[in-house]
Amino acid sequence: MANELTIVVEIPESNILSQADDVPYIPDEVLPIMEDNYNDIHFARNDSDMNDIIILLDKSGSMILLGEEPLQAVKTFIQTQYDKAMSEPNPEIQKKLLNVRIRVILFNHESEIIVDAKVLELDQLPLTYNPDGMTDLYSPMYDTFMEHKHAPKDIVIVSDGQNNTGPHDASFVKRQIKRAMDAGWTIRFVGCTVDSMIESSKLGLQRFTSDCSQDSVSCMPSLSQVMRGYSDQVSQVNRDRTIKSV
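If you're matching positions, the sequence shown starts at 1 in the numbering used here and goes up one per residue.
Fair warning: there could be bad hints in the mix.
25 Å max Cα-Cα, derived DSS-like pairs, lysine-lysine [unchecked claim]:
#1 K75 <-> K95
#2 K84 <-> K174
#3 K84 <-> K118
#4 K75 <-> K118
#5 K118 <-> K174
#6 K178 <-> K95
#7 K202 <-> K118
#8 K118 <-> K95
#9 K178 <-> K153
#10 K178 <-> K149
#11 K202 <-> K178
#12 K118 <-> K149
#13 K174 <-> K153
#14 K95 <-> K84
#15 K153 <-> K202
#16 K118 <-> K153
#17 K174 <-> K202
#18 K174 <-> K149
Because the hints were derived from the structure by calculation, they are not lab data.
Small disclaimer: the values here were computed from a predicted structure and weren't measured.
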């Protein structure tokens, strides 16, 4: 046979196309993270511990028309938690009630935590706020869900209007609210205007809403009285949880 000439050509691996689907190689680090459908949050249930409390207080510009009443209502809620804990006759239960943590988040188109402390530290708490800006309720709700998805909370929302800015939509937030409540969260909505009642309905919270708009006769007492009632309920539920563990 005549002399044969063999030529070997080396091709770098990074230039080789997949024979299966003819798609170029893409390093793992640049692939997008595949999340579950609708990016739903997975909440963990915990029935043994007391729920900490988170108050979302609307400070958008229109809230200025309500004066100091919304802020006073929040202070009433917090003071009721303190007073109920201090009047608890069982020392072990009292200690747990005083260790419940309360967070107050002001929100307009941004959000700000102005209180984050145990009930024990919240006697006669001074609070101030200056309403302005637009209304983004959904972002602080989503952030709260994400931060505390492994530990149910009691949420109280005080607002006078509909969500009108922010990255999240009502259907997504409504779905997360249901998932949270199925896992042991409680969510109460205090609506200060007709618009806020529309918002409550969009989020599926009609059954957990107090209508404190001027057109309502169901909430004639005052925002503060409604918030005191909510606080009494939360305190009693936490006490019942504590009794089971004592």
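Against the structure, the hints:
Between the alpha carbons of K75 and K95 the distance comes to roughly 21 Å, so the proposed pair stays at or under 25 Å and holds. Straight-line distance between C-alpha atoms of K84 and K174 comes to about 32 Å, which puts the hinted pair past the 25 Å bound. Restraint check for K84 and K118: the C-alpha separation of about 14 Å stays at or below 25 Å, so the hint holds. Between K75 and K118 the alpha-carbon distance is near 14 Å, which keeps this suggested pair within the 25 Å criterion.
With a CA separation close to 29 Å, the supplied pair K118 and K174 exceeds the 25 Å bound. Annotation: proposed proximity of K178 to K95 is violated, straight-line Cα distance about 31 Å (limit 25 Å). Our distance criterion of 25 Å between C-alpha atoms is broken by K202 and K118, whose separation comes to about 32 Å. Between K118 and K95 the CA atoms are separated by roughly 11 Å; this keeps the pair inside 25 Å, and the hint holds.
For a cut-off of 25 Å, the pair hint linking K178 to K153 stands: about 13 Å separates their Cα positions. For the hint pairing K178 with K149, the CA-to-CA distance comes to about 13 Å; that is within 25 Å, so the pair holds. Restraint check: the Cα-Cα separation between K202 and K178 comes to about 12 Å, which is no more than 25 Å; the hinted pair holds. About 20 Å separates the Cα atoms of K118 and K149, which keeps this hinted pair within 25 Å; it holds.
Distance check on the hinted pair: K174 and K153 sit about 17 Å apart at the alpha-carbon level, within 25 Å; holds. Of the pairs offered as hints, the one joining K95 and K84 holds, with about 12 Å between alpha carbons and a cut-off of 25 Å not exceeded. Only pairs whose Cα atoms come within 25 Å are accepted, and K153 paired with K202 is accepted, the gap being roughly 21 Å. Straight-line distance between C-alpha atoms of K118 and K153 comes to about 14 Å, which keeps the hinted pair within the 25 Å bound.
Between K174 and K202 the CA atoms are separated by roughly 7 Å; this keeps the pair inside 25 Å, and the hint holds. Between the alpha carbons of K174 and K149 the distance comes to roughly 16 Å, so the proposed pair stays at or under 25 Å and holds.
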